[in-house]
Amino acid sequence: MATGDPADAVTDPVLRESLTSSAAVGLTGVLQVIGDPGGTVYLSGGEIIGIKTPGAPSLEVLVLKSGRVPEDGWEAAFSAAAAGTTMSAELITRGLIGAGELEALLRTAVADALFVLACGYVDQCRPEPGPVSVLLPLDPPAEAAWLLAEAERRMNALAAIPGLTGYQRARVQPAPGVVPADLILGGGRDELLALANGRRTPRDLAFALGRGVYATTLELGRMQHEGLLVTTSHRAPPSSLATPQASTAPASTAPASTAPAKTVRAEPAPATSEPANSEPVADHEPAEPAAASEPAPPAEATNGDRPGGHGLTRRRRGRHGDDAGADMSMLLRLLRPRSSGD
Amino acid sequence: MSSLEDSLRRILAVEGVRSAALIDLATGMVVQSAGDEPAALPAIADSLAQEARAAAAAQGPQQPGGGLDEIALNTAGRLQLTKVLDARRPGEGLLLFVDVDRTHANPALATLRIGQAAPSVLA
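Residue numbers (this note's numbering), protein chains in the order written: chain S, 190 to 531; chain V, 8 to 130.
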């Protein structure tokens, strides 16, 4: 188990072995990663075409929250893709994103998701051969060994930041009196300072800003090292890890009639399969494409000690709590000039 | 072949270019690479990303001269160009790193040609 502590900067051995063996046998199907946050790795021919985890923002969250793709454009592409074309093709042909840019973003999103899985808690990994359906598959796929090496590089980079411990669960806030209200830091730090309220973890901030978890954690670590931020507390670890219900969903549960997805034929599916789960996640479950643009709630607000459980349950627009509504107002003020071109 | 790999191969077609890589500025990750890439490319990429962040920070938060566009490093035998692509948000974006053999190219001409080809990498 990797804990996110500097002394433990190696990828989880269970995950490593499972991914390595899945790659060796050329698995086409999913690898259910049961743990905290847990998730689902989608493989085609032993290579990774997508990862879904409540611990890291999906591509949809990244492009919508960053304003890179307008929400109405995404929804239009999604609706058009439901008619039979691929989501990737729709986004590109509509001029919403370049082909190279999309590939780069997908690759960075997958690397971020694997980093989150690798430094989380992994109870077990369960390969499930079968057809794979991913809304925006990484094409060409990524090699498991490359992603594992990248995850380890990231963990080592974080471990090298003095004083950064338990970063996954660390709640941060601005150091008192250090940053004057009218000072502009630049480099994306102002947005982090504005949202670091002592209750949010790096993951929460990553979701709120539409950034990768590693990039967010790295910047928070640097800011903490420079005395701009302080850790107020650490979110409690999960007391029990019963089922992977929140982070996993069999690929077969994707609504084939509405989900524009790449389907890869595979080895025969096993006789038994994971019970169906309705947890919607951006890259795989397109039922509510707009909802992913909302900030993820702080883990403790929705899920107590198990943020990997229902912490990222997507909600419909307009159903923010008071705290989330205030956060959204702040975010809109911060992001409007860039996203609207004002 | 991926779209990115295809794009980087067009960069490789510029005379004197030994290798090209696309690097994520926020993480230092090598997103894609092509050509005769050095073995230590992941470490180089991480350093380049830090270098680009430091150079951007040196401009100050208001960046009166505009955002960082390019970093050029010249040695006796090499020209190493790092161009900023897609910097829509501060601290984020993609870097195009190109390693040019100065003994096989005119550095100024190579810089020009790479600059002309760079915008199409993400298209």
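I should point out that these hints are in silico values taken from the structure, not numbers from a laboratory. Mixed in with the good hints, there may be bad ones.
Now the in silico label distances, taken between C-beta atoms and shown as ranges [claimed, not checked]:
id : chain 1 : residue 1 : chain 2 : residue 2 : range
1  : V       : A62       : S       : R315      : 42 to 50 Å
2  : V       : R16       : S       : A370      : 43 to 51 Å
3  : S       : T282      : V       : G72       : 53 to 61 Å
Partial chain S-side listing against chain V, Cβ under 8 Å, derived [said to hold, decoys possible]:
id : residue
4  : A300
5  : E339
6  : R358
7  : P369
8  : A370
9  : L374
10 : G377
11 : G401
12 : E408
From the three backbone atoms N, C-alpha and C, an ideal C-beta is built for every residue, glycine too.
Results of checking the hints against the structure:
1. A62(V) x R315(S): 42 to 50 Å: Given range 42 to 50 Å: holds, Cβ gap about 46 Å.
2. R16(V) x A370(S): 43 to 51 Å: The hinted range 43 to 51 Å holds for R16(V) and A370(S), with Cβ atoms some 50 Å apart.
3. T282(S) x G72(V): 53 to 61 Å: 37 Å, violated
4. A300: 6 Å, holds
5. E339: Holds, about 6 Å.
6. R358: 21 Å, violated
7. P369: Since the shortest Cβ distance to chain V is 13 Å, the answer is violated.
8. A370: Result: violated, 14 Å to nearest chain V Cβ.
9. L374: 6 Å, holds
10. G377: The hint holds - G377(S) has a Cβ within 8 Å of chain V, the shortest such distance being about 4 Å.
11. G401: Nearest chain V Cβ about 6 Å off; hint holds.
12. E408: 7 Å, holds
Going through the hint list in order, the structure does not satisfy hints 3, 6, 7 and 8.
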